[in-house]
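Participant: Listed here are the chains, written in short residue letters.
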Amino acid sequence: MLRSILSDDLPRSRWLALALVAILVGLAVAPFLFPGAKSLNVAAKICVFIVLAASFDLLLGYTGIVSFAHTMFFGIGAYGVAISLTRMGAGWDAVAVGTVAGLLLAIVLATVIGLFSLRVRTIFFAMITLAVASAFAILASQLSDLTGGEDGLNYRLPAALRASFSFGDTLFGVRLNGRLLDYYLVYTASLALILVLLRIVNSPFGSVLMAIRENPFRAEAIGYRTVVYRTIASCIAAATAALAGALLALWSSQTNPDTTLSFDIMVDILLMVVIGGMGTMYGAVIGAVLLVFAQNYLQDLLAVANKALLGVPLLANLFHPDRWLLWLGVAFILCVYFFPAGIVGRLRQKR
Amino acid sequence: MLETKDLTIRFGGHAAVDGVSCAFEKGTLTSIVGPNGAGKTTYFNLISGQLPATSGRVTLNGEDITSLAAPRRTRLGLGRAFQLTNLFPNLSTLENVRLAVQVKSGKGYDLFSRTLTHRELIDQAMAHLAAVSLADRAQAIAATLPHGDQRKLEVAILLALEPDVFMFDEPTAGMSIDEVPTILDIIAAIKQRGDKTILLVEHKMDVVRSLSDRIVVLHQGKLVADGKPAEVINSDIVREAYLGSTADHG
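Residue numbers (UniProt numbering), protein chains in the order written: chain A, 1 to 351; chain B, 1 to 250.
No wet-lab data here; the hints were simulated from the structure.
Some hints could be false.
[As the list claims (entries may be wrong)] Partial chain A-side listing against chain B, Cβ under 7 Å, derived:
(1) S7
(2) P11
(3) S13
(4) R14
(5) N202
(6) F205
(7) S207
(8) V208
(9) A211
(10) E214
(11) A221
(12) G223
(13) R225
A virtual CB, placed ideally from N, CA and C, is assigned to each residue, including glycine.
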C-alpha cells in the first residue's frame, strides 16, 4: 500500500523518513498548532514551493535540463487564475477557466521552447530559457491593462475561501472559516501533485529521463528519442509549476511580478533543489521547507541573538536581523560544501 | 541484410570513409580490420547513425536508412556496442540493461505505472546479465565496476536490444586474458543462431581468424580487400597496409 502510494521510492533512511512524516503531519496540523495569519501563510507557501521545487527537480535533477524559465510557468499559472478572477468575478468558474488557460499556455510554451531548443547543448538551452523568461517578465509588467503591471492584481477569492466565510464555530480555538478551507485546498492539492511527480519519476518514463541525464548519447543509441522525452519532461514540469502558481494565486488573493515571475524566486527554487538533493523528490520537499522557513524566521531568530548579544560590540552587529541574507548565504555555502549530494543524498548515503 | 553503397564522409577535405560499398549477409560474421585511423569506427558511426553521411547510402533489409536518426535505426534492428565504454554511469548494472530491454517493450512513454511492477523487463535484463556472467553484480553502480565488467555490461546492453545486426567495436579491448573467452563465446553463440548479421572491429588477429567468415580491410577510408580470412590475411595489399607492421610484434 505504502509502496504503491510512494511508487516504490521509499525514503531509505530513518532520519529522512522521520523528517518527511514530520513535514506531512506538521503541515496538516499547522493551522491548529500555530494559529495566526503569518504562520498559516508560511505553511501555505511551503506547500506551494514544495510543488514548485519538485517540478523543477524533475528537469534539473532527473533529466539534467537546466532551465531558467521555471518561474515563468509558475507566473503563468498564477496570472491565469488572477486575471480570470479579476475579469469574471469571484466564482469557481473563473478559477477553473484561469487554471485551465494557464495550464494550456504553459504546456504550449514548454513544447515550443523544447522542440526548438532542447537539441542544443545544456548551456545554450539555459541561455534561451533565461531570455524567454526575461522577455515574459517584461511583457507581464508592460501589459498593465491585463496584468496590473508592476503592482500586479488584487482580486477577491471565491466566497468559500474568504475569511468571512464560516462553516462552524471553532475547533481547538481556531475559527472554522474560509481561510482554513483554502489552506487545506492548497495542502491537499500539493500533496497530490507531489505523489503524482513521485510516480512519474519512478515510472518507465522516469527511468528514461534518468538515462538521458546520465548519458544522452547512449540513450539515443539504444533507441530513445531524447528530444521527445526531454520535451515531455519540460511540459510536465511546466504544467506542474503552473498548477503551483494557480494554488498561490488562490491562496494569496494578490498576484504580482515579485511573488511569481521574479528571478529571485528562480534562484530560490534552484537553492531548494540543490540543498535538498538533486534527483530526489524528497530533496525538493526538504529544501523547500528549509528555505521558506529560513526566509520567514531567520530574521526573528537573528533578532533574538541580537538581543542576547546586545552588549558585545562586533557580534551584535553581525547578528543584526538585517544581516539575515548574509547568514542564509553562509548556510548555503556550508550546505553545499558538506553535502554536495544534498541533504537527502547525504542521509541516504549513511544507511 | 545490411548494405552500404559508396558510403562517404568528409571532414573538411579529408575523407575519413571514402566510397565504401559492402553488403553484410545474414548469418555471417564479418571482421573489419585496418590500421588505426583507417576509418573503422567512423564506418560504424555512419552505419548506426551517430554521424551523417556526406554521400552514399545505407540500407537495412532493402530499406534506405541513410537519413534516419540513430534511435530509429536501433529500433529497426541495428545494435551497436561501443569501443569506449559508454554506459549510464550512476545507474545500477541491472538498470543499464533494463533500459535497453524497455526500448523493445515500448513502455518508455508509460508515465503512471511503477517501473518495479514490470517484472518481465527485469527478468529479461537479469537473463542478459547472466549471459555475460554479471548477474551477481546486478545492483552495483555501473561506474564502480572494473573495466572488464564494464565491457561485459556493454555487450549485455547490446544483447538486450535483440537486434538483427550486431556491431561490436573492439569488444575485448582492455580486457584481461581470462575475460576474453566470455565475450568470444557470446559472439560465437550469436553467430550460431544463423539469422543475425555480425560486424566486428577487432585488432587481435587470432580472434579475427577464428571467428570470421569474411574479412574486410579498410585503409585510409577505402575498402582495399574483401574475402575469406585465409585469402585476405595472406594478400599482399593487406600485408602492406596493416598486417606487415603488426606481424613483426604479434
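Participant: Next, verify each hint and record whether it holds.
Facilitator: Now the hints, each set against the structure:
1. The closest approach between the C-beta of S7 of chain A and any C-beta of chain B is roughly 5 Å, which is under the 7 Å cut-off, so the hint is satisfied.
2. A least Cβ separation of about 16 Å between P11 of chain A and chain B goes past the 7 Å threshold, and the interface hint is therefore violated.
3. Here the hint on S13 of chain A is broken, as its CB sits about 17 Å from the closest CB of chain B, past 7 Å.
4. At its closest, the beta carbon of R14 of chain A sits 21 Å from a beta carbon of chain B; the interface hint therefore is violated under the 7 Å criterion.
5. Interface restraint check for N202 of chain A: the shortest CB-CB distance to chain B comes to about 6 Å, inside 7 Å, so the restraint holds.
6. A distance limit of 7 Å between C-beta atoms decides the matter here; for F205 of chain A the minimum to chain B is near 5 Å, and the interface restraint holds.
7. A cut of 7 Å between beta carbons decides the hint on S207 of chain A: the least distance to chain B is about 5 Å, and the hint holds.
8. Hint on V208 of chain A holds. Least Cβ distance to chain B is approximately 5 Å, under the 7 Å limit.
9. Hint status for A211 of chain A relative to chain B: holds, with the closest Cβ pair at about 5 Å, below 7 Å.
10. For the restraint placing E214 of chain A at the interface with chain B, the shortest Cβ-Cβ distance is roughly 4 Å, inside the 7 Å limit, so the hint holds.
11. Proximity of A221 of chain A to chain B holds as hinted, the smallest CB-CB distance being about 6 Å (cut-off 7 Å).
12. A hinted interface residue such as G223 of chain A counts as satisfied when its beta carbon comes closer than 7 Å to some beta carbon of chain B; here the least separation is about 4 Å, so the hint holds.
13. At its closest, the beta carbon of R225 of chain A sits 5 Å from a beta carbon of chain B; the interface hint therefore holds under the 7 Å criterion.
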